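Asks: Residue numbers (my numbering), protein chains in the order written: chain A, 378 to 732; chain B, 378 to 732.
Any given hint could turn out to be false.
You can't tell identical chains apart in this list, so a pair holds if it fits in one copy or across any two.
Stated by the list, open to error - Cross-link-like lysine to aspartate or glutamate pairs, in silico, DMTMM-like; alpha carbons within 20 Å at most:
hint	residue 1	residue 2
1	Lys686	Glu598
2	Lys475	Asp539
3	Lys606	Glu634
4	Lys606	Asp638
Simulated from the structure, these hints should not be mistaken for lab results.
Quick caveat, the model's predicted, so the values are computed rather than measured.
There are 2 protein chains.
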Amino acid sequence: MTRPRNDNFLRALLKEPTDHTPVWLMRQAGRYLPEYCETRKRAGSFLNLCKNPALACEVTLQPLARYDLDAAILFSDILTVPDAMGLGLYFAEGEGPKFERPLTEEWAIRDLTAPDPFDHLRYVMDGVSEIRRALAGSVPLIGFSGSPWTLACYMVEGGSSDDYRKVKTMLYDRPDLMHRILSVTADAVVAYLNAQIDSGAQAVMIFDSWGGALSAAAYREFSLAYMQKIVAGLKKEKDGERVPSIVFTKGGGLWIEAIADTGCDAVGLDWTIDIGEARRRVGDRVALQGNLDPNVLFASPEKVAAEAKKVLDSYGSGDTGHVFNLGHGISQFTPPEHVTTLVDTVHAYSRELRR
Amino acid sequence: MTRPRNDNFLRALLKEPTDHTPVWLMRQAGRYLPEYCETRKRAGSFLNLCKNPALACEVTLQPLARYDLDAAILFSDILTVPDAMGLGLYFAEGEGPKFERPLTEEWAIRDLTAPDPFDHLRYVMDGVSEIRRALAGSVPLIGFSGSPWTLACYMVEGGSSDDYRKVKTMLYDRPDLMHRILSVTADAVVAYLNAQIDSGAQAVMIFDSWGGALSAAAYREFSLAYMQKIVAGLKKEKDGERVPSIVFTKGGGLWIEAIADTGCDAVGLDWTIDIGEARRRVGDRVALQGNLDPNVLFASPEKVAAEAKKVLDSYGSGDTGHVFNLGHGISQFTPPEHVTTLVDTVHAYSRELRR
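Next up, chain A with everything else stripped away, as it sits in the complex:
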């Protein structure tokens, strides 16, 4: 048995009783922390930081030293997978991620293959092992990947996009090519997440950051179907322990029943849906993760505490099945001391609710 000493996060995902509502924050290791900025400077670039297991481990642990968080999440980037597929990831200063060789030609799409995670993504697996050792059984480690649709957006657009023009033109005009990209990418993600599990990840999360840009029908065909395939292909156990999975589609509030039906253990919620309503809609099938508006953290500590309590109240008095999180990644402009208030409020108030 390899459960960490604080296993509240895993227990909540598996709907086992917990004495408090566990909390972690998307992008908890990030630019709002001065110690992160210092390490990143030392690394020379964001990509060096991702590709150096020792430094990735260092920044993964930083928020845990500051805050009483119930889980660590691997520090990495969702675009490591298309990078390993040969697209050439780079970050132009102040511009966000870009690919040297975006998928524009049919032959390149036909040639796409899923990379061996222990070969081209060895640095991620080394990072997972090193973080796991450094955590020394304290809290669980979350592994993650981007969803095939979200990765395809970057792979076809060549970077971030305001309007998804290129990728949606392909989706509507050449669904055969789109499905080819998604199918290869889904195979790559299954292998990637299973390699993370083998290397020590105790739960995994799929980030579908751009699924919410799709129509209801296109979401099911081009995003959800591939996430379902991934969930079905994931290792369900490691060392005799269940490895729970979380599926998060930003802007997916309309489709949470369908997301719950993928077979995942938990559905991640952005801040636009009321978590109590979400719970009524999905019933007992899955746990829920979320969903405070990250912008709340710009308000005063009193307001931060009040808004956190509203989320806990809305989820209701059940003593499990809820992992507290933001509805999206924490902003680089967040005052670090407001996060202390948030984490401590979630712990104290959820204990109070259980009494």
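Starting from the known structure of chain A, fit chain B onto it as the hints suggest.
Replies: Just chain B, lined up with the frame of chain A:
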């Protein structure tokens, strides 16, 4: 009686029978049309174009000359209202709208007053009258405004925003100031839309472009409540004819029942919700407007036709209550001839469905 010769748009909004599904497109007078670009060039700037009634009339009519559209919409910008409130609207080349004097100080918020639309926004009313004369009873003219929340986003941020950090900080930290801005702006919008109705607008639409950035609770308190106030304050009749209203929150698919409860005649839908599901959820209370993904227009004409038919099929065989539109403004990169396919398909196929 002043109904236009083609009154299908008004009939659909009022749930009277129509012989085809009427169609118009958000931002139908825009940069994808070479004739628009030519007029804009002549105007010297986007703002000159908005502020010159003759030129605004000219571009309003351009898409109607090309396509068999069932309605015209006033060419203007949602930010004319805060401009008239003294914030100093300008457009930096290639950067989107900005305000010279964004609302950052408490005294400026306390000093805010609703402008007289026949004074500071006279050019809009002159445009409405001129367009109405030029339409000569052919199709109805739609007037519009931004929602108070959407206008407040620009007024507080000082321009477009990725993260709504400033406006949401105010919302959570100083809800009293936020409500002050929204309340004055709602009064301004009521006066502005009623002045448009008096000047000749035969239907009005409220664009809540950024309501979808709010949490469920914040949406009700800071966006929906003010749109409800506006709908309640709108003139319901002009010259013995009903003046229907449409409320559109982009990203508001989770909240359409509540939007329908504002008292509006129709709910605008973005492309993320299935229109058939939306119809089942709101029942017969309101008409629906939408909701093709604007990116469909980048695909081949065959695909455009196929996707348009899917929307009509999903709405169902009812012969009224649906105004076909995109789920968001048409992209500047749209091939103009694809719009011909779209409009003609909606007309032909919806007639076929009625047989």
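Asks: Hint by hint, say whether it matches the structure.
Replies: Hints, verified against the model:
In this assembly of identical chains, Lys686 and Glu598 lie within 20 Å of each other by CA distance solely across copies; the values are 18 Å between and 37 Å within a copy. Proximity of Lys475 to Asp539 under the C-alpha cut-off of 20 Å is found in both arrangements, the shortest distances being 14 Å within a copy and 19 Å between copies. Proximity of Lys606 and Glu634 under a CA criterion of 20 Å is satisfied intra-copy only: 17 Å inside one chain copy versus 33 Å between copies. In this homomeric assembly, Lys606 and Asp638 come within 20 Å of each other (Cα to Cα) only inside a single copy, at 12 Å, whereas the closest approach across copies is 40 Å.
Every hint from the earlier list agrees with this structure, and none is contradicted.
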